[in-house]
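2 protein chains.
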Amino acid sequence: MEIFFGQLVNADTIKFDAQESLHIVKVMRHKENDHIYAMDGSGVLFECILLTANSNNASAHILSSTPGWGTHNYDLTLAVCPTKNNERFEWLGEKATEIGLDTLAPIIGEKSERKVYKIDRMKRIVLSAAKQSLKAKIPTIEEPQSAIDFIKKAPSDALKLIAHCFEEEKISIKEALEKSPSDKIIILIGPEGDFSTREVDEALKNGFIPVHMGNSRLRTETAGLYAVFSVYNKYM
Amino acid sequence: MEIFFGQLVNADTIKFDAQESLHIVKVMRHKENDHIYAMDGSGVLFECILLTANSNNASAHILSSTPGWGTHNYDLTLAVCPTKNNERFEWLGEKATEIGLDTLAPIIGEKSERKVYKIDRMKRIVLSAAKQSLKAKIPTIEEPQSAIDFIKKAPSDALKLIAHCFEEEKISIKEALEKSPSDKIIILIGPEGDFSTREVDEALKNGFIPVHMGNSRLRTETAGLYAVFSVYNKYM
Chain A
17 MEIFFGQLVN
27 ADTIKFDAQE
37 SLHIVKVMRH
47 KENDHIYAMD
57 GSGVLFECIL
67 LTANSNNASA
77 HILSSTPGWG
87 THNYDLTLAV
97 CPTKNNERFE
107 WLGEKATEIG
117 LDTLAPIIGE
127 KSERKVYKID
137 RMKRIVLSAA
147 KQSLKAKIPT
157 IEEPQSAIDF
167 IKKAPSDALK
177 LIAHCFEEEK
187 ISIKEALEKS
197 PSDKIIILIG
207 PEGDFSTREV
217 DEALKNGFIP
227 VHMGNSRLRT
237 ETAGLYAVFS
247 VYNKYM
Chain B
17 MEIFFGQLVN
27 ADTIKFDAQE
37 SLHIVKVMRH
47 KENDHIYAMD
57 GSGVLFECIL
67 LTANSNNASA
77 HILSSTPGWG
87 THNYDLTLAV
97 CPTKNNERFE
107 WLGEKATEIG
117 LDTLAPIIGE
127 KSERKVYKID
137 RMKRIVLSAA
147 KQSLKAKIPT
157 IEEPQSAIDF
167 IKKAPSDALK
177 LIAHCFEEEK
187 ISIKEALEKS
197 PSDKIIILIG
207 PEGDFSTREV
217 DEALKNGFIP
227 VHMGNSRLRT
237 ETAGLYAVFS
247 VYNKYM
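Protein chains in written order, with my numbering: chain A, 17 to 252; chain B, 17 to 252.
Don't read these hints as lab results, they were simulated from the structure.
Incorrect hints may have been included.
Identical chains share a label here; the pair holds if one copy fits it or two copies do between them.
Below, a list of computed lysine to aspartate or glutamate pairs in the EDC-like style, where the Cα atoms sit at most 20 Å apart [as the list claims (entries may be wrong)]: (1) K169 - D199; (2) K147 - E208; (3) K221 - E183; (4) K100 - D136; (5) K168 - E126; (6) K168 - D217; (7) K169 - E194; (8) K195 - D50; (9) K221 - E126; (10) K127 - D165; (11) K250 - E191; (12) K139 - D210; (13) K100 - E110.
With these hints in hand, go ahead and build the complete structure from the sequences.
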C-alpha cells in the first residue's frame, strides 16, 4: 500500500504537486482510473480514482474518506533543541513520526550551540516518514523559537514535562506520564549543553514538571525519542 | 569525562592499542602521570595513571576499579535481521548501546534480503557508543546465524519474545515484559519481509511468546529500538 500526498481542491477532488505527480505517474506507473490512496496530512485517508495521469499535475476523485487513519489517542508536542549534527535531529523527526507525534517544536536554548534552524528539510522528512509508516496525519513542524518563549506560551491544560540535567529531585518520565490523566502532553528536551538556570526556573514557574530518563546518559536525540516511546507505551 | 578502551595485561596494568594510544597522547594530549579513566569492555571502570605516554603503545597503572559501572539490572539479547540499508542497522546498534543492551545477534531469516553480514564495523560502533554514553560494558556482537539456529539455541530460562507480523493473537511487548519475573530477556525481530511460517512455528515450539508493538507500523530498526526502550522502561 502506498499513500500519496496532495491538497484538497474540494470535497471530491485532490490534486498533487509536480514531484508527487511524477512519482504517481512515472515511478508507480499509475494510469487514469487506477485506484490510489491519498492524504492531505490532516489525518484522513482518501480512497481515490486517478482522474488525470499527468506527470506534472495529477489529480484524483475521492471515493471514500477514513478519518483518523494511522493516528493515535494522545496529542504530543515534542520541543527539542536541534543538535549540532543536523542528521541526528532529522533522524529524531523521522523516528518520532513513525511512532506517533503531533508537533515538533525546534527550540533555541540560551546555551544552544545551534542558534538557527531551517524547517524545510524537516517538513519533507516527516512527510516521507508519515507516508512510509502509513499515517494520514503529518506532524506540524513549528518555526524555531526561544525556550523562554515556548515555555511562556505552553497551554495550562497540558501535562508539561522538562528533561534537564540539573541535580534536583525529579520523578521518572514513566511515573510522570502514568500519574497524569491528561492526553495532551508537552515534553521539552534541552540542548547538548543543557538549559540555563533562567530557563529551568521559568519552566517550573509555568507548571513544567522536571523528569529524569533513567540511569543511562542519552544524547539529545535519543532522549527525544525515548520521550515519544514513553508516551506511545502509556497508550499501548 | 572520557573513558579509554584497553586490554588488561595484569590486575594492575592496562594497555592501549595504536589507535587508542594516538587518541590519548595526540588528541587528548595526556602526559605521563596524568589521571585517566579506562575500561576493558567487561563492565569495570578503572581509574588509572598514565604510565607510558607513547602514541603508538600507551599503558596505564590501575589505581582503583569500579565494577558494574554504567551497567543495568537486566540481561538483554536483541536478535535482529540486519536491514537492507546498513546505516539503519548501525544506527540501531549505536542507540541500543546508549540505552542499555548486552548482546546484539544479527540474524539471517529465510526471507531476509541481506544474507551476509560482517560484524567488524558494528563492533567499532558499539564500542564508540559505550564510550560516549559512559558505559564500561560493551555489548557483545554475535556472529550472524540463521533464525532457526538462534531459536533452537535460545536458553530455556530466559523470557523469549518474537515480534512477527502474522495475523495471530499476540500480547503487547509491554504486557509480556510486565508479566514476567525473568531479568534475562531475548527479543527476536524479523526482517523487512517478516519471518517465514517455519521460523515462527519453530519459535513457538521453543517457548517464544509472540508480541506486538502497538498500532504504528515500525521499520525493523525502530521496532528493535522500541524493544530496547521497553526493557529499559520496565527497570526504570
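Against the structure, the hints come out as follows:
1. K169 - D199: Intra 18 Å, inter 43 Å, cutoff 20 Å: intra-copy only.
2. K147 - E208: between (31 Å within a copy, 17 Å between copies)
3. K221 - E183: Answer is within: at 18 Å inside a copy they meet the 20 Å cutoff, but 49 Å across does not.
4. K100 - D136: within (17 Å within a copy, 28 Å between copies)
5. K168 - E126: Within. Shortest intra-copy distance 15 Å satisfies the 20 Å Cα cut-off; inter-copy 54 Å does not.
6. K168 - D217: within (12 Å within a copy, 55 Å between copies)
7. K169 - E194: neither (24 Å within a copy, 38 Å between copies)
8. K195 - D50: Close neither inside one copy (49 Å) nor across copies (48 Å); limit 20 Å.
9. K221 - E126: Classified as within; 18 Å inside a copy, 56 Å across copies.
10. K127 - D165: So K127 and D165 pass the 20 Å test inside one copy only (15 Å; across, 51 Å).
11. K250 - E191: both (10 Å within a copy, 11 Å between copies)
12. K139 - D210: neither (26 Å within a copy, 30 Å between copies)
13. K100 - E110: Classified as both; 17 Å inside a copy, 18 Å across copies.
This entry does not satisfy hints 7, 8 and 12, going by the numbered hints stated previously.
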